[in-house]
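There are 2 protein chains.
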Amino acid sequence: MSEVIVRGKAAKAASYKMSGKTTAEKNEALAKIADQLLADKDYLISENAKDLEQGKKNGLPDSILDRIMLNEKRIEDMSAAIRLLIDLKDPVGESLETIEKENGLLIKKNRVPIGVIGMIYEARPNVTIDAATLSLKTGNAVILRGSSSASYSNQALVGSIHKALAQTSLPVDAVQLMEDTSRETAKELFHLNEYLDVLIPRGGKNLIDTVVRESTVPVLETGAGNCHIFIDESADYEMAENIVINGKTQRPSVCNAIESLLIHESWFAKNGTDLLAVLQGKGIELYGDETVCTAFSEAKQATEEDWATEYLALKLSVKIVKDVTEAVEHINQYGTNHSEAIITKNAENADIFLNGVDAAAVYHNASTRFTDGFEFGYGAEIGISTQKLHARGPMGLPALTSTKYFIYGQGQIRG
Amino acid sequence: MSEVIVRGKAAKAASYKMSGKTTAEKNEALAKIADQLLADKDYLISENAKDLEQGKKNGLPDSILDRIMLNEKRIEDMSAAIRLLIDLKDPVGESLETIEKENGLLIKKNRVPIGVIGMIYEARPNVTIDAATLSLKTGNAVILRGSSSASYSNQALVGSIHKALAQTSLPVDAVQLMEDTSRETAKELFHLNEYLDVLIPRGGKNLIDTVVRESTVPVLETGAGNCHIFIDESADYEMAENIVINGKTQRPSVCNAIESLLIHESWFAKNGTDLLAVLQGKGIELYGDETVCTAFSEAKQATEEDWATEYLALKLSVKIVKDVTEAVEHINQYGTNHSEAIITKNAENADIFLNGVDAAAVYHNASTRFTDGFEFGYGAEIGISTQKLHARGPMGLPALTSTKYFIYGQGQIRG
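Protein sequence lines, in the order shown, are assigned to chains A and B.
Using full-length UniProt numbering, read the first sequence as starting at 1 and increasing by one per residue.
Using full-length UniProt numbering, read the second sequence as starting at 1 and increasing by one per residue.
Please note that a few of the clues may not be correct.
[Stated by the list, open to error] Straight-line Cα separation of at most 16 Å, EDC-like style, residue types lysine to aspartate or glutamate; simulated pairs:
1) A:205 <-> A:326
2) B:17 <-> A:326
3) A:109 <-> B:304
4) B:108 <-> A:375
5) B:109 <-> A:372
6) B:101 <-> A:329
7) B:9 <-> A:329
Just so you know, the hints here were simulated from the structure itself, not pulled from any lab data.
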């Protein structure tokens, strides 16, 4: 049996045990993991050093090495995040619907764990802890498949988790880490429908696209954000400037930052060059359509590719449109269904935009940067779903649950 | 461009128009379709006759020919079902969550259409009408891919739908029927992630398995039911007998009928042969384990395959277990996560069973035959989901919707 099958079977068996665990039992286990990480700090850092050394030898860029790196502060942060998770409400057991039938049948639709979660991610050891603890909190088992460039770190972290679980009533097998991190085992996970209930990719666009395109296990797609702001004819200048600057510069590397600006032609004729000069002053490289480039010679000509690009950097494409309908059509053609905003005083145009744009989150007069589980008040975030089924937008703990109908009778049969 | 791509693009464009339609507009269109089917009755029957003639030539069995057959009564029933659908609550627009932030942001999570639904089904022309009208009611566009053996009927039915839609504000393109019903086009649909938001197979186990195994488009898995009843030590004899007879014989060909009976060894020692004699008297063929066959010589020896078989006929496998835990383990190994029942007076064992069995619907002292959208009071049924994500158990109209966050601000930016 391949490692994937062995771990799949073990995780499935553990998931049945997990589903019966109380909130108290799960929280106790999380507390033990938080403690164990602190107790194992030195060992974790020394194992992490092996990954860093290997990474340097392999010529990994500094940005990746920084993602892999564990130090005291980062381990303390992981431990603290687990403490916050303990305080969050356990969604399992919540009753979503109660139906009482005339024949006396009582039907309850309750939240239950999903079962076995597969997590495929890149060189970020913190995802190991994050994915494992979110899965345990929601009564699931998890199979972790990280990057080979963080193998020593991941093994050590899962070692700490296992040490902690062994002191609790939770099954140690509920957290499985793939040792073989080859492409072949990833592909095997894509088709492990028998044991995996869901597969969640966490990382860059390429990873996510590969999982979505190849996996027959149901996927929770998170991620890519080619987000737009549309400045309508009636938009207040100051509000527009503030929101665009916030959307583009407050944290350019994240998925809810904006990548493209659409401006109504009349508004542009009045305020366009002022706004573009301010943006350029903030260090933003501008890629414009013909109207933009004519009015503001320092903008570069945008190509077809620019409209579809998630720069994740201080770059912005700018296009002039004749009305809200053209803005909506452009966004539905080039967007990634993440977060989209309109700035306008016109309530009718706001409605056309919010209803017409096909995205997880649509904004009227606010920055797209708010699309975030913590900002929405969910307290923990599995990711931001850009798909339509199961969960859409920022996913809190309930996204890691399913439902089950419990039906209570006194001998009822169907007539 | 292949037919699949052409229809995918057209359906996607239509889905954007559909999402803005009001309940009144959608219901008006449904009423027009209900009328049009009655008006086109003669033409529909004459086109259907071509499928029947072709089917006879190709040697299709009578049971399939009966499924394909349209007569006045069946067309009137389809039309009447649409009238019932009109009366159901439109889930689109329902607000599921409202969050007011301290900074004044108002966040609403509302139900919206999914977008484009793909429906792959077998030789049942009624599914053409069912799938199209459920999709329209929920603001979606749909691509229908039926069986070649019902091609004339499906074309005629979709012709009626198009005639009706042309008199309304709804886009005619919202309902697309594949003309090419080859295996190749089905496979193309499995991977049409760019235009299809979900794929729903309706039909037998082979069809569903193929779609689940091959599709990278998210699937709503409906269907197969290898359902069990477990008679615990303390079960009332009469209640057990009634529920088992109802579960097996009331309608043996459906997914929520039972296929396998598990009996506690002590209960079996007391009541087993009485019950088996009654079941045999009802014309049920029994396949038992060794204990069963020894006690009741007319039972045939069950093979490993029997435990996993959905007979959909008057056949029942019977196994003796030593306790509720063995029953749960057996069901989790051989079941299909559909509907499972325990008959017991012991509340603790009921809890162990209901929580431990991994199924969409779990019953205490009632027949599994109740797993049904109409019985639950949902009024229409897309199918019964046996998967964990998005929807589980009987699916009403909300299963054909997604959600979207609408965020209303006054210039808020993230700090």
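Against the structure, the hints:
{"no.": "1", "hint": "A:205 <-> A:326", "result": "violated, 27 Å"}
{"no.": "2", "hint": "B:17 <-> A:326", "result": "holds, 14 Å"}
{"no.": "3", "hint": "A:109 <-> B:304", "result": "violated, 33 Å"}
{"no.": "4", "hint": "B:108 <-> A:375", "result": "holds, 14 Å"}
{"no.": "5", "hint": "B:109 <-> A:372", "result": "holds, 14 Å"}
{"no.": "6", "hint": "B:101 <-> A:329", "result": "violated, 30 Å"}
{"no.": "7", "hint": "B:9 <-> A:329", "result": "holds, 14 Å"}
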